[in-house]
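Residue numbers (my numbering): -3 to 132.
If you're looking for bench data, these hints aren't it; they were derived computationally from the structure.
Where is the CB? At the ideal position from N, CA and C, for every residue including glycine.
Careful: at least some of the hints might be erroneous.
Simulated restraints, written as ranges between beta carbons of each label pair [to be verified]:
#, residue 1, residue 2, range
1, Asp71, Leu49, 32 to 40 Å
2, Lys28, Gly78, 15 to 23 Å
3, Asp69, Val8, 21 to 29 Å
4, Leu4, Asn46, 42 to 50 Å
5, Thr1, Ser115, 48 to 56 Å
6, Val64, Gly40, 19 to 27 Å
7, Asp80, Ser25, 15 to 23 Å
8, Gln100, Gln24, 33 to 41 Å
9, Pro47, Tyr101, 28 to 36 Å
10, Ala92, Phe45, 28 to 36 Å
11, Phe45, Thr1, 50 to 58 Å
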Amino acid sequence: ADDNTPPLCVFVRMIRCQFCARPADSLQSMAKLWHTTWTEIWSGNHMLFNPDLVVQDQVVSVGPTYTVRPGDDLDHLAMRYGVDTADLLLWNPDLADDLARQSQYQLYDLQEMCVVPQSCVYAASVSSYHVLAAAL
-3 ADDNTPPLCV FVRMIRCQFC ARPADSLQSM AKLWHTTWTE IWSGNHMLFN
47 PDLVVQDQVV SVGPTYTVRP GDDLDHLAMR YGVDTADLLL WNPDLADDLA
97 RQSQYQLYDL QEMCVVPQSC VYAASVSSYH VLAAAL
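Could you build all of it, start to finish, from the sequences and the hints given here?
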């Protein structure tokens, strides 16, 4: 490129918590890649009538998105949803880059994140459960 070439800016919007099935993918292989279980993925994809049949190029949701609120941080979100902080970084690669590391993984209000919560109530921190247990 010569010095007269104007700079090129590219805007990329990531669709969070979605996976495009490749040849030979299954819910089990997706679950392994995303550090979750095939039942977690299947439960969020009602269009998959047969969990053993995933069509190539089919978009599969691996979990919900979460919108960051004031005061949120990775450690507390991981504890709330019963997941590892390392998994939050895996599901949100833009949070794991050098710039994010330099800012100590600071989250911003209204930032979208992919979160694949553990649906087992014993794995996650469910505050209403503790309130109910204290009342009994």
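Evaluated hints:
1. One distance hint, 32 to 40 Å for the beta-carbon pair Asp71 and Leu49, holds here, with the actual separation near 38 Å.
2. Separated by about 18 Å at the C-beta atoms, Lys28 and Gly78 satisfy the suggested range of 15 to 23 Å.
3. One distance hint, 21 to 29 Å for the beta-carbon pair Asp69 and Val8, holds here, with the actual separation near 26 Å.
4. Between Leu4 and Asn46 the C-beta distance comes to about 44 Å, which sits within the given range of 42 to 50 Å.
5. Between Thr1 and Ser115 the Cβ separation comes to about 52 Å, which falls inside the hinted range of 48 to 56 Å.
6. Between Val64 and Gly40 the C-beta distance comes to about 21 Å, which sits within the given range of 19 to 27 Å.
7. Taking the beta carbon of each, Asp80 and Ser25 are about 20 Å apart, inside 15 to 23 Å as hinted.
8. Checked against the hint of 33 to 41 Å, the C-beta distance between Gln100 and Gln24 comes to roughly 35 Å, which is consistent with it.
9. Taking 28 to 36 Å as the suggested C-beta distance range, the pair Pro47 and Tyr101 conforms, at roughly 34 Å.
10. Distance hint for Ala92 and Phe45: a CB-CB separation of about 35 Å, consistent with the stated range 28 to 36 Å.
11. For the pair Phe45 and Thr1, the supplied restraint of 50 to 58 Å holds, since their beta-carbon distance comes to about 52 Å.
Violated hints are absent here; each numbered hint is respected by the structure.
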